[in-house]
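So the chains spell out like this:
There are 2 protein chains.
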Amino acid sequence: MITPRTLKGFRDYLPEVMIPRESAMQTARTVFRRYGFCPIDTPALEHLDVLTGKGSDETDRQLYRFVDNGGRDVGMRFDLTVPLARFVAQHIGKLGTPFKRYHLAPVWRGENTQAGRYREFMQCDFDCVGTQSVASDIETLLIIHDLMTSLGFERFKIHINNRQVLTGLLERLDLVEQTLPVLRSLDKLPKIGVEKTAAEMCSAAGVTPDQAEQVLKLAACEGTPEEILAQLPAVIGDSETAVAGIERLQQLFAGAAAAGVPAERLKLDVSIARGLDYYTGVIFETFLDDLPKIGSVCSGGRYDNLVSTYSKQSLPGVGASLGLDRLLAAMEQLKILPAVRTTAPVFIAYFDGDRLDAYLRLAATVRAAGIGAELYPEPKRLGQQLKYADSRGFRIALIAGGTELAEGRCQVKDLQAKSAEDVAYTPEQPEQLIQAIKRMLAS
Amino acid sequence: MITPRTLKGFRDYLPEVMIPRESAMQTARTVFRRYGFCPIDTPALEHLDVLTGKGSDETDRQLYRFVDNGGRDVGMRFDLTVPLARFVAQHIGKLGTPFKRYHLAPVWRGENTQAGRYREFMQCDFDCVGTQSVASDIETLLIIHDLMTSLGFERFKIHINNRQVLTGLLERLDLVEQTLPVLRSLDKLPKIGVEKTAAEMCSAAGVTPDQAEQVLKLAACEGTPEEILAQLPAVIGDSETAVAGIERLQQLFAGAAAAGVPAERLKLDVSIARGLDYYTGVIFETFLDDLPKIGSVCSGGRYDNLVSTYSKQSLPGVGASLGLDRLLAAMEQLKILPAVRTTAPVFIAYFDGDRLDAYLRLAATVRAAGIGAELYPEPKRLGQQLKYADSRGFRIALIAGGTELAEGRCQVKDLQAKSAEDVAYTPEQPEQLIQAIKRMLAS
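Chains as they are written, first to last, in full-length UniProt numbering: chain A, 1 to 443; chain B, 1 to 443.
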């Protein structure tokens with residue numbers, strides 16, 4: 001006998017968790033498709049050299065890698081961005097540009113397990129490859145906003161920045177070489193405050209106190225996007241890169257307003273650097289007003305060259321990744337997750353053991369009207385069947401014994417309101433029953 | 001520079017293949033939910049001892065296995081049935097019975113690659129666990145039928161048998177010990193014919209010529225289900241097991257008829273044994289009338305005890321597996337696969353470079369009406385944009401330059417009919433435009 005168990009850091013999804021998860025994934029697909037993004041899929045396993053050295057030392061260390069039966073070094077994908085780069089480099093001639101794809105698939109990382117972190121999780125990415133147009137930056141923002149509202153969130157903020165603003169400032173301060181350590185220090189600002197950040201910038205990045213002050217002056221810009229955009233030129237000076245970044249930010253906020261995104265859901269945050277050397281243009285992070293501590297639930301941005309390790313072609317792109325499992329945990333915490341344990345609203349009791357055919361016909365009739373229906377498989381006691389129906393969360397139970405069936409009747413029971421009505425029903429004339437079910441479902 | 005490539009036996013799914021694949025998966029989910037089946041998910045990786053020895057020597061040999069960074073022996077799942085058994089044994093107290101689940105997920109097998117066979121493929125399973133009722137056998141059949149018609153197939157046959165009929169015959173002939181070699185020979189009947197099958201049965205299974213003749217007499221029963229069911233008692237004799245099997249087959253055909261399954265789509269085929277020692281009751285195989293050679297596209301049956309290796313509890317079940325990738329290949333061959341390369345029907349040309357906001361507003365308006373719309377990201381030449389729209393297969397293009405926008409007009413172009421009309425449009429009064437798009441999409 002083998003003990004049934006999952007691997008450490010892995011989890012099973014039972015129906016009560018998988019039903020809302022599947023529904024959220026379907027919502028995401030619907031949003032992506034609304035903007036003309038197309039689905040793709042790539043293998044879980046890749047040649048090891050395709051995966052290593054593409055993320056960070058950490059992702060290399062966390063990689064699930066092995067030698068397959070054919071002696072090949074292989075690895076399980078740790079994100080969907082590296083496979084996208086490989087995919088685009090391999091197929092771009094056939095795909096054409098702009099290439100807009102979404103990809104929902106599991107990824108694997110051998111992380112140290114901690115609360116809410118798993119070694120297998122669902123990634124939900126979308127990217128537009130092959131254009132540098134600000135229209136794609138704006139579209140990315142619109143999709144993030146649409147994803148959040150379509151999933152049922154109202155109180156959230158999308159933080160926006162453009163890496164060119166920071167890059168421009170560092171150019172002017174002659175700190176381009178120290179970009180990485182400067183940004184790494186800057187990322188700690190929300191946690192350790194201005195003074196400690198300035199000190200660390202001097203010690204770790206080797207900048208002067210004056211330079212640190214100027215970098216931190218940028219991060220201190222606050223207010224509405226218009227106010228910040230008005231302050232920036234004074235902080236940045238005449239850096240061409242920064243001016244271009246400021247202009248793109250202006251276009252981004254104007255475009256979002258034109259497409260109807262409420263201004264209060266957007267925040268210009270010139271201190272976020274996200275991903276350090278990865279992003280080159282706009283950057284997005286999304287925070288829930290009611291659960292800011294869980295971190296960004298949808299992040300992304302623009303990168304200059306996706307495929308540089310696989311191809312000489314230059315392909316810019318912009319996109320983002322939805323933290324699906326994190327969002328589902330948040331929905332549960334905020335109690336906006338519907339507690340459904342069934343996928344069909346109607347339960348049909350198998351009441352009279354000799355009339356299975358009649359119940360099968362009844363179930364087929366309800367389903368033909370576009371309403372999901374589950375028929376209990378055994379003619380057990382009605383009380384036991386209704387207990388099952390209650391525990392699964394069905395909305396409606398249809399109950400008919402031999403007498404009712406013979407007399408052309410069926411009881412329609414609202415399992416939530418605990419009310420019931422008797423309705424005329426024969427297989428030839430099911431209309432009244434279907435109407436009664438629809439009425440009850442709509443109430 | 002690393003050459004972008006996939007592993008041997010693995011494949012990328014480009015949008016033109018992934019769009020219909022995703023749509024078929026969604027159709028399958030819709031069908032499963034219509035019968036009250038719930039989604040679950042399990043990890044791609046399992047403890048090695050959970051996976052080995054559960055399938056065949058072949059699946060053991062094909063297993064992707066390795067030692068993870070924590071020194072654990074792990075394997076990638078090769079089907080969804082073994083993980084279901086582990087899952088049910090682990091969670092049955094919480095799940096309760098009947099437990100009806102569906103599971104769509106990739107599985108991995110290091111098979112020798114050949115035409116159309118991949119080392120990673122999508123499984124699409126549904127099972128009802130915890131009841132022996134014939135109502136569940138019937139429901140399994142209904143779902144197979146519903147899956148096939150919902151996916152667009154009309155010409156197919158579901159072959160049905162019940163292993164109890166064969167088992168009963170073998171009991172009467174005192175051949176229970178030789179069940180496996182007898183069935184293995186019987187499985188070759190369609191390929192090598194009666195005489196050679198009889199000869200092999202004698203040599204490989206050690207049965208007498210008379211016993212072989214009686215087994216083959218069973219396989220020779222032909223006609224409508226009623227005709228075969230009438231012939232069977234004479235062939236089988238008075239085996240209790242066989243009589244029970246015959247009765248369940250009668251109930252199955254009666255139930256299918258009651259639920260409205262056309263009789264011509266069902267075939268009672270008492271020679272199919274499928275899976276040898278795995279199934280214990282009803283067996284299903286589904287063949288396309290127009291492509292019989294691709295083999296069964298949806299197969300399954302009833303098994304006595306799913307969880308025996310993980311738990312002492314006895315849990316019978318019945319279910320089937322849809323061969324999604326095989327069916328998609330068939331749909332392509334039969335030309336019933338829609339050639340769509342876009343997920344949104346409407347293309348919006350970015351015509352006047354200074355009016356991005358107006359196009360963003362237009363796109364938002366179309367999407368708010370529930371119609372997917374893609375905005376071209378760059379103000380390139382109109383000809384180039386329309387060429388892109390054509391190549392992607394959009395249905396409709398919206399074209400408006402600065403003049404049209406100023407005058408409150410927009411051109412609606414039917415890219416398939418090559419016709420166009422000018423429609424009044426302003427962001428404040430978009431109704432006429434939306435109506436024109438809906439009309440064109442419906443035509």
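Keep in mind that the hints were calculated from the coordinates and are not lab data.
Incorrect hints may have been included.
Which copy is meant is left open, so a pair is good if it fits within one copy or across any two.
Claimed, not checked - DSS-like mimics (lysine-lysine), calculated; alpha carbons at most 30 Å apart, straight line:
no. : residue 1 : residue 2
1   : Lys293    : Lys312
2   : Lys94     : Lys8
3   : Lys94     : Lys335
4   : Lys267    : Lys438
5   : Lys438    : Lys217
6   : Lys413    : Lys8
7   : Lys8      : Lys54
8   : Lys94     : Lys188
These figures come from a predicted structure and were not determined experimentally.
* If the cutoff is 30 Å on CA atoms, where do Lys438 and Lys217 land: within, between, both or neither? Let me know, please. => Classified as neither: same-chain Cα gap 61 Å, cross-chain 53 Å, threshold 30 Å.
* Measure nothing new, just compare the shortest in-copy and cross-copy C-alpha distances for Lys94 and Lys8 to 30 Å and report within, between, both or neither. => Only across copies: Lys94 and Lys8 sit 21 Å apart there, 41 Å inside one copy, limit 30 Å.
* 30 Å Cα cut-off: does Lys293 pair with Lys312 within a copy, between copies, both or neither? -> Answer is neither: 41 Å inside a copy and 45 Å across each miss the 30 Å cutoff.
* Given a CA cutoff of 30 Å, do Lys413 and Lys8 count as a within-copy pair, a between-copy pair, both, or neither? -> Answer is neither: 44 Å inside a copy and 56 Å across each miss the 30 Å cutoff.
* Within, between, both or neither, where Lys94 and Lys335 count as close if Cα-Cα is 30 Å or less -> between (45 Å within a copy, 22 Å between copies)
* Up to 30 Å CA-CA - Lys438 versus Lys267, copy category -> neither (44 Å within a copy, 36 Å between copies)
* Up to 30 Å CA-CA - Lys54 versus Lys8, copy category -> So Lys8 and Lys54 pass the 30 Å test inside a copy (26 Å) and across (22 Å) alike.
* Could you place Lys94 and Lys188 in one of the four classes (within, between, both, neither) given a Cα distance threshold of 30 Å? => Neither: 43 Å inside a chain and 44 Å across chains, both beyond 30 Å.
Of the hints listed earlier, those the structure fails to meet are numbers 1, 4, 5, 6 and 8, in rising order.
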